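The sequence shown maps to residues 1 to 172 in the working numbering.
Think of the hints as simulated: they come from the structure by calculation, not from any bench. Note that the structure is predicted; figures quoted are calculated from it, not measured. There may be inaccurate statements among the hints.
[Claimed, not checked] Estimated spans, in silico, between C-beta atoms of each pair:
1. G135 x S43: 15 to 25 Å
2. K97 x K45: 29 to 39 Å
3. S99 x G58: 15 to 25 Å
4. A137 x S53: 35 to 45 Å
5. A105 x V79: 34 to 44 Å
6. I108 x A87: 16 to 26 Å
7. F121 x S99: 26 to 36 Å
8. F121 x P77: 24 to 34 Å
9. A83 x D136: 21 to 31 Å
10. V79 x A124: 18 to 28 Å
11. S78 x A54: 18 to 28 Å
12. K45 x P77: 25 to 35 Å
13. A54 x P95: 15 to 25 Å
14. A50 x T82: 33 to 43 Å
Idealized CB from N, CA, C, for every residue including glycine.
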Amino acid sequence: GLPSPSALERSRGGATPPSLAIIVDTHYLQVAVKAFSVSAGWSIKAFESALRSACGGGRVAARFACDSSSTNASAAPSVLHTALREAGYKLILSPPKPSSGMQGATDIDVACCLFQCAGAFQDAPLAQSIALVAGDADFRPAIAAVLAGRNGAGGVGGDGAEGGADGDAEGG
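Throw the hints in and build the complete structure from the sequences for me.
Structure below.
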């Protein structure tokens, strides 16, 4: 049979590109798109290509997008939500806060996705690298826990596995 891609890479003297998990805080992505008028020519395929390039290539092993759900139960899904679903993203929607109707707890959803990708809820990480796309630094404690676990210092996903959350594409 044909050699595996990793065998081909070793025979060429190169390393196999790491797999990548992408986690997107879509609330801030939508804010940035509106603020900077990034509607023309933007595509999820180009977005993922840029992330993969920045994170060393490899295949996308997991895709998560977190946002708050609409306060209007009969509202149609947003164009972005539909596009993300069609591109293979698992869309996680938080209900609005009951007291105010404002954005739900997407930060908790993003942190849970980060922990899942790092292997906190299963025997192994979903990918060797994680790209977290967010508009603020709310997730630094979660990232620190993941990195501590991957470096054998306890924390989340703590088996000392190779790799890290090198793909932190966090803005802000």
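Results for each hint:
1. G135 x S43: 15 to 25 Å: holds, 20 Å
2. K97 x K45: 29 to 39 Å: Hint holds: Cβ distance 34 Å, inside 29 to 39 Å.
3. S99 x G58: 15 to 25 Å: violated, 43 Å
4. A137 x S53: 35 to 45 Å: Between A137 and S53, where Cβ atoms are some 24 Å apart, the hint is violated.
5. A105 x V79: 34 to 44 Å: violated, 24 Å
6. I108 x A87: 16 to 26 Å: Check passed, 24 Å falls within 16 to 26 Å.
7. F121 x S99: 26 to 36 Å: Holds, since F121 and S99 (Cβ atoms, about 30 Å apart) stay within the stated range.
8. F121 x P77: 24 to 34 Å: Given about 27 Å between the Cβ atoms, the range holds.
9. A83 x D136: 21 to 31 Å: holds, 23 Å
10. V79 x A124: 18 to 28 Å: Taking Cβ atoms as reference, V79 and A124 lie about 35 Å apart, which means the hint is violated.
11. S78 x A54: 18 to 28 Å: holds, 26 Å
12. K45 x P77: 25 to 35 Å: violated, 20 Å
13. A54 x P95: 15 to 25 Å: Since the Cβ atoms of A54 and P95 sit about 33 Å apart, the hinted range of 15 to 25 Å is violated.
14. A50 x T82: 33 to 43 Å: The hint (33 to 43 Å, Cβ to Cβ) is violated, given that A50 and T82 are roughly 21 Å apart.
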